[in-house]
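K.L.:
Could you build the full structure based on these sequences and the hints that come with them?
With the UniProt record's numbering as the guide, the letters of the sequence shown map in order to residues 1 to 299.
Some hints could be false.
[Said to hold, decoys possible] Straight-line alpha carbon distances no greater than 20 Å define the calculated SDA-like cross-link-like pairs of lysine to any residue that follow: (1) K124 - N106; (2) K124 - T158; (3) K124 - M100; (4) K124 - R161; (5) K124 - E72; (6) K124 - S91; (7) K29 - N106; (8) K29 - V102; (9) K124 - E157; (10) K124 - L94; (11) K124 - Y89; (12) K29 - A110; (13) K124 - A86; (14) K29 - A111; (15) K124 - P95; (16) K124 - K29; (17) K29 - G107; (18) K124 - D92.
[Claimed, not checked] Ranges of calculated distance between the beta carbons of each label pair, as one might list FRET restraints: (19) D32 - P142: 34 to 42 Å; (20) E138 - T211: 42 to 50 Å; (21) G243 - R90: 42 to 50 Å; (22) R54 - L108: 20 to 28 Å; (23) N234 - R188: 25 to 33 Å; (24) D93 - T211: 42 to 50 Å; (25) G178 - R54: 38 to 46 Å; (26) A31 - R80: 34 to 42 Å.
The set of hints was computed from the structure by calculation and includes no laboratory data.
Computed from a prediction, not measured in an experiment: that's the story for all the values here.
Each residue gets a CB set at the ideal place from its N, CA and C atoms; glycine is no exception.
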Amino acid sequence: MTDTHAPDILCIGSVLWDVIGRSASHMAKGADVPGRIIRLPGGVALNIAMTLVRFGLRPALLSALGRDAEGEELAAECARMGLDVAHLYRSDDLPTDRYMAVEGANGLIAAIADAHSLEAAGAKILAPLMGGALGSAEAPYPGPVALDGNLTEGLLETIARDPAFRAADLRIAPASPGKAERLLPFLRAGRGTLYVNLEEAGILCQTRFGTASEAAAALLERGAARALVTDGGNATSDATPQGVLTQTPPEVLVTRVTGAGDTFMAAHIASELSGADRDAALGRALRAAAAYVSGDTPS
1 MTDTHAPDIL
11 CIGSVLWDVI
21 GRSASHMAKG
31 ADVPGRIIRL
41 PGGVALNIAM
51 TLVRFGLRPA
61 LLSALGRDAE
71 GEELAAECAR
81 MGLDVAHLYR
91 SDDLPTDRYM
101 AVEGANGLIA
111 AIADAHSLEA
121 AGAKILAPLM
131 GGALGSAEAP
141 YPGPVALDGN
151 LTEGLLETIA
161 RDPAFRAADL
171 RIAPASPGKA
181 ERLLPFLRAG
191 RGTLYVNLEE
201 AGILCQTRFG
211 TASEAAAALL
221 ERGAARALVT
231 DGGNATSDAT
241 PQGVLTQTPP
251 EVLVTRVTGA
261 GDTFMAAHIA
271 SELSGADRDA
281 ALGRALRAAA
291 AYVSGDTPS
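P.N.:
Rendered as structure tokens:
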């Protein structure tokens, strides 16, 4: 039987397989060290959705999956985890996307994101919101949306300005520093809450920042409606027109980094949806991210 219960939140963006190599050794360029290689469900939108499930929410995924064996396996795994996969765009001719990363004791060494199928699918992934099962320009979707920058800038521009999204609570992450500039449409439109790290904030503002609070305030000056800026183990800031709130994350032993930002964003969204104020939501998100990087929560 199909579950017709409306989702609590939409997660739009990359849904793919993560292939991650992790070593306990410090790694430099050209390093060849022992470690473990794992494959697990990933992608920014999916990482956020999986964390939201752990907070008791029911997310729906809007993304592109191939009808290849990897896509079938991933769709089945997402459904098993309690995610709504009914609105995924399934392509007969596009392969399922993948992400590959290498992590050492000194953090992320290198990563390659192959999200070409998501980009090629384009606006097809938004069909349920553009006159479909979830909304339309005349009756826009009114709930929260977690969105990642693996979409093309043109498609993100559409989301920032199209009437079908005017009622949505947009929460946006760039996916990586290399895709940070794709978030510029939301600065120009003054829409949404941005979740970025210090480097990504610098790219959006075309400068370098020394602290998260400085970066978050600058993003508001550039047009952002709200900005949360993280800086690894250093202070994190949440800037709104009402002021800048800053907290320092708990100190933990870092055992992994891929997905930490997604965990922070999901925990923050879930906290605010449960009614937490800004201070409580930021603290809860920092604790969730710290638990994740220390290995105390599932990957």
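K.L.:
Each hint should be assessed against the structure and marked as holding or not.
P.N.:
Verification of the hints:
1. K124 - N106: 40 Å, violated
2. K124 - T158: 13 Å, holds
3. K124 - M100: Violated, because 25 Å separates the two Cα atoms, which is more than 20 Å.
4. K124 - R161: With a Cα-Cα distance of about 17 Å, the restraint between K124 and R161 holds, given a limit of 20 Å.
5. K124 - E72: 19 Å, holds
6. K124 - S91: Given pair K124, S91 holds - Cα atoms ~10 Å apart, limit 20 Å.
7. K29 - N106: Judged against 20 Å, a Cα distance of about 12 Å means the pair holds.
8. K29 - V102: Holds - the C-alpha atoms of V102 and K29 are around 11 Å apart, at most 20 Å.
9. K124 - E157: Holds: K124 and E157 sit about 15 Å apart, inside 20 Å.
10. K124 - L94: 13 Å, holds
11. K124 - Y89: Distance ~7 Å between K124 and Y89 Cα, so the pair holds.
12. K29 - A110: With a Cα-Cα distance of about 9 Å, the restraint between K29 and A110 holds, given a limit of 20 Å.
13. K124 - A86: Satisfied, since the Cα-Cα distance of roughly 14 Å is no more than 20 Å.
14. K29 - A111: Distance ~13 Å between K29 and A111 Cα, so the pair holds.
15. K124 - P95: Status holds; Cα separation ~15 Å.
16. K124 - K29: 40 Å, violated
17. K29 - G107: 13 Å, holds
18. K124 - D92: Holds, at roughly 13 Å.
19. D32 - P142: 34 to 42 Å: 52 Å, violated
20. E138 - T211: 42 to 50 Å: Given a distance of about 44 Å, which is inside 42 to 50 Å, the answer is holds.
21. G243 - R90: 42 to 50 Å: Given range 42 to 50 Å: holds, Cβ gap about 45 Å.
22. R54 - L108: 20 to 28 Å: 23 Å, holds
23. N234 - R188: 25 to 33 Å: With Cβ atoms ~29 Å apart, the hint holds.
24. D93 - T211: 42 to 50 Å: Holds, since D93 and T211 (Cβ atoms, about 47 Å apart) stay within the stated range.
25. G178 - R54: 38 to 46 Å: Cβ of G178 to Cβ of R54: about 28 Å, so the range 38 to 46 Å is violated.
26. A31 - R80: 34 to 42 Å: 36 Å, holds
This entry does not satisfy hints 1, 3, 16, 19, 25, going by the numbered hints stated previously.
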